[in-house]
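Each chain, written out:
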Amino acid sequence: MSRDIYVVAEQRDGEIAKVAFELIGEATKLAADLEQKVVGILIGDHIKDKAQSLIDAGADSVVVIEDKMLAEYVTEPYTKAITAVIKECDPEIILFGATSIGRDLAPRVASRVHTGLTADCTKLDIDVWKATPEDEGQKLLFMTRPAFGGNIMATILCKYYRPQMATVRPGVMKKLIADHTRTGEIKELKVNFEPLDMNVVIREVVKEKHKKVDITEAKVLISGGRGIGSPEFYTTLQEVADILGGEISSSRANVDAGWIARERQVGQTGKTVRPELYMACGISGAIQHVAGMEGSDCVIAINKNDTAAIFDVSDLGIVGDVKVIIPKLIDALKKYKVANA
Amino acid sequence: MKIVVCIKQVPDTNEVKLDPITNTLIRDGVPSIINHDDKSGIEAALVLKERFGGTVSVVCMGPPQADVALREALAMGCDEAYLVSAREFGGSDTWATASIISAALKNIGYDLVITGRQAIDGDTAQVGPQIAETLGIPQVSYAEEIYDIEDGNKVIVKRQFEDRYHIIEVKMPCLLTALAELATPRYMHAGGIIDAYEKDVKLLGFDDLKDQLVPEYIGLKGSPTNVFKSFTKQAKGTGTILKDLSPDEAVEAIIAKLDERHII
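In order, the protein sequence lines correspond to chains A and B.
The first sequence lines up with residues 0 to 340 when you count with numbering that gives the first Met the number 0.
The second sequence lines up with residues 0 to 263 when you count with numbering that gives the first Met the number 0.
Hints are supplied without guarantee of correctness; some may be wrong.
[Unchecked claim] Here are a few chain B residues that face chain A, going by a calculated C-beta distance under 8 Å:
hint : residue
1    : M0
2    : K1
3    : P137
4    : D147
5    : I148
6    : D150
7    : D162
8    : M171
9    : P172
10   : F230
11   : I262
[What the hints assert, rightly or not] Straight-line distance between alpha carbons at most 20 Å, and here's what the computed SDA-like set of lysine to any residue pairs gives:
hint : chain 1 : residue 1 : chain 2 : residue 2
12   : B       : K242      : A       : A308
13   : A       : K322      : B       : G218
14   : A       : K158      : B       : K256
15   : A       : K322      : B       : L244
[As the list claims (entries may be wrong)] Computed footprint of chain A on chain B; a stretch qualifies when at least three of its residues, placed anywhere within it, have a C-beta under 8 Å from a C-beta of chain A:
hint : segment
16   : 31 to 40
17   : 55 to 66
18   : 93 to 102
19   : 138 to 146
20   : 192 to 201
Read the hints as simulated data drawn from the structure, not as lab findings.
Even glycine gets a Cβ: it sits at the ideal position worked out from N, Cα and C.
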């Protein structure tokens with residue numbers, strides 16, 4: 000019988016992606032509802048020494064598959080590895096990060112083992128589903144995801160096929176605080192890779208030198224929309240971000256206008272962020288934008304228009320001109336720092 | 000070289016709304032377009048044809064109205080168009096859709112299959128890789144640039160990740176999923192539009208494909224996943240909104256909030 004929740008822990012160059020820890024954190028909650036265990040899947044070359052970090056993060060055990068062929072991500076060998084875990088362990092649920100690797104790998108695996116896959120989930124729950132009212136029901140994974148550009152949310156079920164599979168959007172789930180006293184089994188699974196499994200040739204791997212800014216990691220985001228008036232104003236917002244130890248981000252319009260790099264875009268077609276502080280400067284708050292930032296702990300919005308939708312999701316809304324308020328805020332923050340140093 | 004581009008006709012997302020009573024999508028009066036990534040795939044295919052020769056076929060699964068999308072692809076310069084359409088195909092999830100399109104591709108023949116990375120309505124990015132798996136051919140997803148075709152059968156392609164890119168050599172038959180950055184679609188030209196309506200869009204229905212698929216594994220009933228419910232998003236609660244403050248008062252209010260939340 001299918002059992003347990005497996006989390007594919009994505010790694011690049013031996014470093015485990017943050018989303019893996021987020022998924023393990025979420026999986027511990029789902030596993031409690033199912034009364035089952037959380038198992039990490041770690042795939043790579045010389046990667047076994049990273050397995051304990053998954054246990055520290057909440058996994059009960061870890062399955063490790065190591066091979067030279069797994070050093071850099073390639074679809075086929077990775078698909079073969081995950082498929083081997085499914086055959087060997089018969090998981091109830093498998094979660095992947097909805098990264099470019101997760102979204103390349105998961106559909107290939109789902110297709111191979113003939114099961115359902117739900118893409119880019121933002122909410123997961125365990126609940127009872129009944130085919131008929133008299134039915135005693137079964138506990139299923141309720142997978143909720145945005146569709147139609149975030150205008151509509153859909154909850155998807157995979158009733159009759161196992162494992163139930165989902166890719167989950169990075170930055171949405173919360174990781175647990177690592178507990179270094181935890182222990183768990185780390186077992187290796189041997190998979191026989193053949194030269195033919197490497198069905199493409201990687202001629203070159205080019206790591207972007209200028210490490211891309213990851214706004215999903217920032218504790219504070221100072222975000223600019225149309226209302227900031229010009230691309231130069233991002234320099235002013237950057238000053239606020241520097242004082243508060245954060246990053247600048249943007250709504251879609253300014254990215255499309257070329258005012259700021261796409262990697263800083265928040266929203267449905269950009270990134271989902273949940274910083275401690277999200278300061279929305281001259282952002283009207285279209286639903287696609289709100290979808291990407293409503294999980295923030297504290298939202299402060301400044302907008303000239305008192306009917307702007309951003310105010311509906313703000314802890315503090317200021318009706319006023321960002322171009323006047325922000326420079327004054329910078330002065331005030333500097334003074335505050337000196338006074339409280 | 001036979002290039003086949005798989006496209007989807009999608010509604011213009013921002014205009015889509017749920018009927019408040021039936022909770023289903025209101026599609027009436029919503030304009031339909033070729034999905035952006037798919038259109039970029041068409042352009043990339045046409046450029047390959049111009050550089051290396053061959054033909055470009057275009058395939059669309061959907062209702063009869065998807066004929067318009069295929070005509071547009073013909074007007075851009077594609078050689079032939081196939082509409083994959085049948086009542087039995089309706090309600091398919093990505094697994095079932097991939098098996099139907101794969102059946103069509105076996106029927107049509109292919110060396111290089113190009114799909115868009117993802118459609119703007121479903122946003123799953125799953126059908127491309129699932130077609131590749133069903134056909135048993137390698138995939139290179141997130142293709143940002145096609146550099147060359149070497150020895151008549153090796154595609155050299157740049158594949159984008161978050162923090163790096165790979166330059167990959169993949170032998171045909173294979174499948175690429177196109178990012179919008181792969182190519183900027185050309186406009187239809189007047190002659191092309193006239194030609195497009197003189198050409199046939201070939202229909203591939205259930206009977207044409209039934210030998211290449213498992214009828215129990217298609218449509219709403221044959222799909223591993225089903226939509227349990229759909230709903231419009233709920234907004235986060237409103238906090239305090241302050242109007243008619245002087246800039247200094249506004250700054251004071253912000254500082255007070257930052258202090259209260261221990262951000263400063």
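Enumerated hints in conflict with the structure, sorted upward: Hints 1, 2, 4, 5, 6, 8, 9, 13, 14, 16, 17 and 20 are the ones this structure does not satisfy, whereas the remaining hints hold.
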